[in-house]
Amino acid sequence: MSSSPRSSASRTAIFALGVGAAIIVVSLVLLAFGVNVLKIGDTFVTGLFPPIAVTTEGAEIRDLYTVIFLIAVAIFLVVEGLIVWTVIRYRRKPGDDTLPPQIHGNNIAEFVWTVVPTLIVIFMFIVSWQTLNAVDTNASDAQTTKIRAVAGQFQWQFDYLDQNDKLLYTELLPMVSQGGGMMVPAGRTVQLSLVSHDVIHAFYVPQFLFKRDVVPGRTNQFDFTVDAADAGQTFRGQCAELCGTGHSIMLFEVKALAPQEFDTWLAGKAASSPPASQAPAPSGGSPAPSGGSPAPSGAAPSGAAPSGGAAGPTLNLAASNIQYTVKTLTAPAGAPLKIDFDNQDAGVPHNVTIHKGSPTGEQVFAGDIFPGVAKKTYNVPALTAGTYSYVCAVHPTTMIGTLTVQ
Amino acid sequence: MAMTTDSHPLPIEHNPLASMPHDTHGGISNPVLGMLLFITSEVMFFGGLFAAYFSIRANAAQWPPINTETGQPFQLAILPFVGPATILLILSSVTCQYAVWMIRANDRTRFLRAMSVTVVLGAIFLLFQGIDYTILGSEGLTLSSGTYGTTYYTLTGFHGAHVFGGVIMLSVVLYRGMAGQFSAKHYDAVEAASLYWHFVDVVWILLFSLLYLLPGKTPTT
Amino acid sequence: MATTTLTPTIPAYRTGLYAWLTTTDHKKIGIMYVINSFVFFFIGGLLALGVRSELAQPGLQYLTDLQYNEFFSMHATFMIFLFVIPMLAGFGNYIVPLQIGAPDMAFPRINALSLWMLPLAGILLLLGFVTGGTAAAGWTSYAPLSEDRPLAATGYGQDLWIVALVLIGTSSILGSINFLVTMFKMRAPGMTLFRMPIMVWTVLVTSVLVLMATPVITSALIMLFIDRNYGGSFFDPSRGGDAILYQNIFWFYSHPAVYVMILPAMGMVSEILPVFSRKPLFGYKAFIFATAAIGALGFSVWAHHMFTTGAVYLPFFSIMTFLIAVPTGVKMFNWVFTMWGGQLMLKTPLLFAIGFLTMFLIGGINGAFSASVPVDFALHDTYWVVAHLHYVLFGGSVFGVMAGFYYWFPKMTGKMMNETLGKAQFVVMFIGFNLTFFPMHELGLAGMPRRIADYSSTAGWNDLNLLATFGGFTIATSMVLFLWNVFVSLRSGEPAGEDPWEGNTLEWATTSPPPAYNFDHLPEIRSERPVFDARHGRTATH
Chain U
381 MSSSPRSSAS
391 RTAIFALGVG
401 AAIIVVSLVL
411 LAFGVNVLKI
421 GDTFVTGLFP
431 PIAVTTEGAE
441 IRDLYTVIFL
451 IAVAIFLVVE
461 GLIVWTVIRY
471 RRKPGDDTLP
481 PQIHGNNIAE
491 FVWTVVPTLI
501 VIFMFIVSWQ
511 TLNAVDTNAS
521 DAQTTKIRAV
531 AGQFQWQFDY
541 LDQNDKLLYT
551 ELLPMVSQGG
561 GMMVPAGRTV
571 QLSLVSHDVI
581 HAFYVPQFLF
591 KRDVVPGRTN
601 QFDFTVDAAD
611 AGQTFRGQCA
621 ELCGTGHSIM
631 LFEVKALAPQ
641 EFDTWLAGKA
651 ASSPPASQAP
661 APSGGSPAPS
671 GGSPAPSGAA
681 PSGAAPSGGA
691 AGPTLNLAAS
701 NIQYTVKTLT
711 APAGAPLKID
721 FDNQDAGVPH
731 NVTIHKGSPT
741 GEQVFAGDIF
751 PGVAKKTYNV
761 PALTAGTYSY
771 VCAVHPTTMI
781 GTLTVQ
Chain S
16 MAMTTDSHPL
26 PIEHNPLASM
36 PHDTHGGISN
46 PVLGMLLFIT
56 SEVMFFGGLF
66 AAYFSIRANA
76 AQWPPINTET
86 GQPFQLAILP
96 FVGPATILLI
106 LSSVTCQYAV
116 WMIRANDRTR
126 FLRAMSVTVV
136 LGAIFLLFQG
146 IDYTILGSEG
156 LTLSSGTYGT
166 TYYTLTGFHG
176 AHVFGGVIML
186 SVVLYRGMAG
196 QFSAKHYDAV
206 EAASLYWHFV
216 DVVWILLFSL
226 LYLLPGKTPT
236 T
Chain R
2 MATTTLTPTI
12 PAYRTGLYAW
22 LTTTDHKKIG
32 IMYVINSFVF
42 FFIGGLLALG
52 VRSELAQPGL
62 QYLTDLQYNE
72 FFSMHATFMI
82 FLFVIPMLAG
92 FGNYIVPLQI
102 GAPDMAFPRI
112 NALSLWMLPL
122 AGILLLLGFV
132 TGGTAAAGWT
142 SYAPLSEDRP
152 LAATGYGQDL
162 WIVALVLIGT
172 SSILGSINFL
182 VTMFKMRAPG
192 MTLFRMPIMV
202 WTVLVTSVLV
212 LMATPVITSA
222 LIMLFIDRNY
232 GGSFFDPSRG
242 GDAILYQNIF
252 WFYSHPAVYV
262 MILPAMGMVS
272 EILPVFSRKP
282 LFGYKAFIFA
292 TAAIGALGFS
302 VWAHHMFTTG
312 AVYLPFFSIM
322 TFLIAVPTGV
332 KMFNWVFTMW
342 GGQLMLKTPL
352 LFAIGFLTMF
362 LIGGINGAFS
372 ASVPVDFALH
382 DTYWVVAHLH
392 YVLFGGSVFG
402 VMAGFYYWFP
412 KMTGKMMNET
422 LGKAQFVVMF
432 IGFNLTFFPM
442 HELGLAGMPR
452 RIADYSSTAG
462 WNDLNLLATF
472 GGFTIATSMV
482 LFLWNVFVSL
492 RSGEPAGEDP
502 WEGNTLEWAT
512 TSPPPAYNFD
522 HLPEIRSERP
532 VFDARHGRTA
542 TH
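Protein chains in written order, with my numbering: chain U, 381 to 786; chain S, 16 to 236; chain R, 2 to 543.
This is chain U alone, in the form it adopts within the complex (with noise of 0.2 angstroms):
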């Protein structure tokens, strides 16, 4: 059967390929190159390349990553380019029928370019190796930093030890804008041990280039070293391994001190809020100690005992699966209540503060944050009549309800 000549369909048809196929490459290197064009907030989108490290690793990383992608670039130009161009010039004219010539292959061919491809893979595995001897360290020594990022169902929690691995210190709010963060001083190595109370997390941190998985069982390690002209910087981080629903909420912050800052700030908060006992956090199940971190903001009082004033009632209020498990609670206003809190997530640091009106208002109350499985009486002073929200401070868009005042 012989094959009709080209019909006008078809060439239209060719015509919309070609026209289509313009659209994607031109929309290709546009997207490819626009090196530094978006800036949104404090992350750069930087086409196909990933965003200048901040640490000494990662900019390694960044430098292997070029290398390979100059390599990829040409591979793609020559093989793309020779089936663009085959296509072209090997289209069958209208018409003709003649066999072309039946090569079966080629041996030269076929050796020189099984050998030549394998010296580039070759090439780009000991360029891979080398990089990863320089980055993949775990050296410790009288001035490296140690921190342990520990990681549960859904949030981060960081703590600070000294060179014998004493907790000196938890943060339990991984968001620098909480009043929390990962703290880490520029310029100076930290050793960061990555502990899970429950399933797999990954430690991510986009401009590091890097991440660690965090698994339950086992104790992750790996230096990092940011540059100390990064010092005053904060980084976003995120979980990068499925942890269950609140997995796209696993956000954290890094915040690079200089070192004399990081030291003054580490000495204020150890002695400020020593952690209760010294066992470092397991991997597996137990809870990690109740630091009595202090309330993120506002001059409320935290859990002081009220004075005067007829004793008003007991609420009752559990935390579960990071839910609150009643989402309206009503008090008599003007009486000082109670609030027996009882934390039911084994692991999970929890709290209860309460805002004027919505979550984000003014907070007239926060109660000290500790992790389950454990009960703890809030003491809140009176308040006025009124509509208020409580608010989990370390979950504050999971965990919310609404406190009615009358």
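Hints were generated in silico from the structure; no laboratory data involved.
Please note that a few of the clues may not be correct.
Stated by the list, open to error - Taking lysine to aspartate or glutamate pairs in the DMTMM-like style, the calculated list, with each CA pair at most 25 angstroms apart, reads:
1) K473/U x E420/R
2) K526/U x E460/U
3) K546/U x D603/U
4) K473/U x D534/R
5) K473/U x E503/R
6) K200/S x D122/S
7) K649/U x D542/U
8) K755/U x D720/U
9) K635/U x E440/U
10) K635/U x D607/U
11) K756/U x E742/U
12) K416/R x D610/U
13) K473/U x E440/U
14) K707/U x D500/R
15) K649/U x D521/U
16) K736/U x D748/U
17) K232/S x D122/S
18) K286/R x E525/R
19) K635/U x D534/R
20) K635/U x D720/U
21) K473/U x E495/R
22) K526/U x D542/U
23) K473/U x D500/R
24) K416/R x D521/R
To be verified - Some chain R residues judged to face chain U by a derived CB distance under 10 angstroms, without partners named:
25) S147
26) V428
27) I453
To be verified - Chain S regions said to be covered by chain R (calculated; three or more residues, Cβ under 8 angstroms):
28) 44–57
29) 160–166
Please read these numbers as outputs of a predicted model, since none were measured by experiment.
Note that beta-carbon positions come from the ideal geometry of N, C-alpha and C, so glycine has one too.
On the provided structure of chain U, position chains S and R as indicated by the hints.
Below, chains S and R without anything else, positioned relative to chain U:
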């Protein structure tokens, strides 16, 4: 005038080529090749289970682990049931192979006898294994007794399930043999079933050596 | 004496729907595999549209976190286990016996069993949607998340998922046994192993992979089931188990599985390129060795999915992953040089084959980045990987399947598909595919992790996500064109005749569709292109 043939309708997919031998390249028959390939897949299945066992065992400082109820390491007993069961299973492979040789030599009587003995021995193996399970259960070793119980019951349980499948297969072969379907010219199914049975036996020998004979380990403090 | 003509009646129960439901004919079974696979392709596609709709803008608009997790988990599960793998098995089922000149597969009844296990497994998976939730721990179902009922809150969905996958795995294994015995024992006289068409070779290597690798995931799934339901301690660290053990056993299968998902598609492309270039495949034997090398090497790279766990021997898995690019590259060059110097007939099957080449190349290139361990530390579990996997699975396997469908539809139905609609589908699908997945390279580089239901509006990912969603709906449009083409062609497609494309291999030496016994007669088999030889006489240079 057409006459219909209701009593012997031609199957719609009957065709001349289908009645040709399905086997244009000689050597082992299709069913036997198929069974060998199936056994390969079963080897990989047990391979996954064995890999889990080896990995868990290698990562444990103490093996067998301590039974929290008795304070002593878990213990498995070769007597009175598992040891004899092992011997019977090995014996059943011998009788099974003998059955294959007999049908190859067209000796239907000896084939049937040997195959019956094989089926009975296989059933006794399962019985002894079941009794041993109840003894172990009463001693506190269950699927949920930590890594030791989980791996022991999973490995031996799936092996037992394969023995059960093999007993069914051999029973079908025995039934077909009694119905006169096998002879020196047609015995592919017998050979295939016996290959499976030998496989099940070899897996048991490996399992038995691993679980019962390999010395345990204690932490060197 | 009167003569009587005996006319066998075909009993009513052997015709129509019942005939299809009880058939053991590899051609009908192959077609049903293809239909079943397309049904689950569309279900998986709808789930993808749900995912993309949710991600188009920051904020949770349509789905809860749990529903989102279910959607992407089931999207991948349906696509991998009920679309790509069975689709390729279905094409193999139809084509392999024809291409080797056999009347059917070696074990026709087991063939039927393999088929019917699939819709059953699909129903089990769908049941999750109406019984309290499907699996929601990703198609990879890592422990201990997949063992953690309370906070994963999936009810029995994960268990349904395990049972369905064990069923599908069994179906695959039985199918692979069938293929291997058929290919080794039922070739027509004259068809030596090195005269088998390339499609048959790729199905052969695929079958070996399925046979050896699938049982391993069966064992992992069973161990997971025991952990979940019988208090087992395989993978749960709180009970003495090892979470990484699950990953090792899982990926030992799931990496070879990706070659199961691509090799037959490569086989199809390798049939189409020679026919539509009017030249033989360049380097037939080299191609076979490259395929075998990919199959063998494929077993040695699994832990490249686990570079960030801190629990694997990095250099070994990195070098093996890099090395597997070599035979893949050999194939790429063989394909290009098949077209080189040819007479290219730019019909729809060839367009999809060229789409395969161009897109699979990108997928292979971006995979090389992940093979480099330090770069993988940055890219693992980000949208870069989503880009890579879709370039190889969609750009590769789906384009290959489309090429094969357009190529063999005339043989299966006796009708030609509409060329204009086919070309239109190709253009829309090509554009949609690239719009969806190319931006994901950048999203991954910029730090967007996988499997997140929502993202911060200040992260800088808004525009690219919106673009990707637009691309996703463009792909959906192309599939509407495809369905329309199938419908129109089935109703009123041009009659195809025996050999509408001037094919090379034996399936073109019989009617369209072939009769129940496949062949009335077979041409002489003296090369891997027996129909070409017959058409041109053996004097064609060989």
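So, going through the hints one by one against the coordinates:
no., hint, in the structure
1, K473/U x E420/R, "18 angstroms, holds"
2, K526/U x E460/U, "49 angstroms, violated"
3, K546/U x D603/U, "19 angstroms, holds"
4, K473/U x D534/R, "24 angstroms, holds"
5, K473/U x E503/R, "17 angstroms, holds"
6, K200/S x D122/S, "12 angstroms, holds"
7, K649/U x D542/U, "13 angstroms, holds"
8, K755/U x D720/U, "7 angstroms, holds"
9, K635/U x E440/U, "21 angstroms, holds"
10, K635/U x D607/U, "12 angstroms, holds"
11, K756/U x E742/U, "23 angstroms, holds"
12, K416/R x D610/U, "67 angstroms, violated"
13, K473/U x E440/U, "52 angstroms, violated"
14, K707/U x D500/R, "71 angstroms, violated"
15, K649/U x D521/U, "23 angstroms, holds"
16, K736/U x D748/U, "19 angstroms, holds"
17, K232/S x D122/S, "52 angstroms, violated"
18, K286/R x E525/R, "21 angstroms, holds"
19, K635/U x D534/R, "72 angstroms, violated"
20, K635/U x D720/U, "35 angstroms, violated"
21, K473/U x E495/R, "24 angstroms, holds"
22, K526/U x D542/U, "6 angstroms, holds"
23, K473/U x D500/R, "21 angstroms, holds"
24, K416/R x D521/R, "21 angstroms, holds"
25, S147, "9 angstroms, holds"
26, V428, "5 angstroms, holds"
27, I453, "4 angstroms, holds"
28, 44–57, "holds (count 8)"
29, 160–166, "holds (count 5)"
Violated hints, in rising order: 2, 12, 13, 14, 17, 19 and 20; the structure is consistent with all others.
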